[in-house]
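Each chain is listed here by its residues.
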Amino acid sequence: DVKVTQSSRYLVKRTGEKVFLECVQDMDHENMFWYRQDPGLGLRLIYFSYDVKMKEKGDIPEGYSVSREKKERFSLILESASTNQTSMYLCASGEAGRLTGELFFGEGSRLTVL
Amino acid sequence: GESVGLHLPTLSVQEGDNSIINCAYSNSASDYFIWYKQESGKGPQFIIDIRSNMDKRQGQRVTVLLNKTVKHLSLQIAATQPGDSAVYFCAEQRTLETTGANNLFFGTGTRLTVIP
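In order, the protein sequence lines correspond to chains A and B. Take 13 as the starting number for the first sequence in the numbering used here and just add one per residue. Take 1270 as the starting number for the second sequence in the numbering used here and just add one per residue.
Hints listed in this document are in silico derivations from the structure and should not be mistaken for laboratory results. Just so it is clear, the structure is predicted and the values come from calculations on it, not from any experiment. There's no promise every hint is true.
[Unchecked claim] Straight-line C-alpha distance at most 25 Å; calculated DSS-like pairs for lysine-lysine:
#1 A:Lys83 / B:Lys1311
#2 A:Lys15 / B:Lys1311
#3 A:Lys30 / A:Lys83
#4 A:Lys25 / B:Lys1311
#5 A:Lys82 / A:Lys65
#6 B:Lys1325 / B:Lys1306
#7 B:Lys1306 / A:Lys15
#8 A:Lys69 / A:Lys82
#9 A:Lys15 / A:Lys67
Isolated chain B (complex conformation):
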């Protein structure tokens, strides 16, 4: 069956190091992906997105890489800070054939802990 987000459940990094969070997807027709960050007690917040016609997209301290050949997505955080501690989700946009309506299918998430 289809799946998004074969994450490791937890990742610990030292403050200042770079973090890499991985995500796999199985639907080769997927054409739009988003990374979300969820801090404790809050709803998920958008970090960065990427469309399938791109391999890489950069934001402020974050980079998303998309490898369509192996259906793999990663989020890289440079110089990780304590404020980066959160759960990170990748999400895949899916479209209903009947109505064209879009929704997002989320992975199970990776908890990033930054060690001071």
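Extracted from the complex, chain A is given alone in its bound form:
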């Protein structure tokens, strides 16, 4: 079974802390994505990566950075967490190329910033 694994299901952090969210996929996919999901706003793209060491900003990159040192791993970093970053974070992976847009999602990491 294909799998996208997010390291933490639930995290509680304090304002100003540095937060790492890790995501690993076992499907040898080129593309990996980080979304955040908030009630009434759906899924919004933070960053995505289409190759190792390559990254592109999504719709809401402010306050976030990413790292992709290996093909299977894509990390989301909050340099200094703030309360408005309390959210559900979803990692996804997918194959490269147009018209192959199916993404495989992890189960999410719910972050609470106090």
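Use these hints to put chain B onto chain A, whose structure you have.
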């Protein structure tokens, strides 16, 4: 501005009835759309996709209709079951002009509740 997914936020249907979930998009150049289902506590899962050279695509108990004239997409679920209760998202593939990389832009979702 561009948008995907002018959904009704909730939809309730009786078990056994058919469900129709709607989605509107504004980018007339969009050529690939996907429906996802998200059950409570899980990540979204692929249901069905459709390319812009098609008007209709059928899967098991699901049908997606695409009306490019009015930029409207719908997901029809036949004989809705309690296990269909979830949030449903439409998503539109977008391509970066600079790199050709693809990403998916999601709508806000519709929560389907099936009444036994």
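Of the numbered hints stated earlier in the document, which are not met by this structure? none
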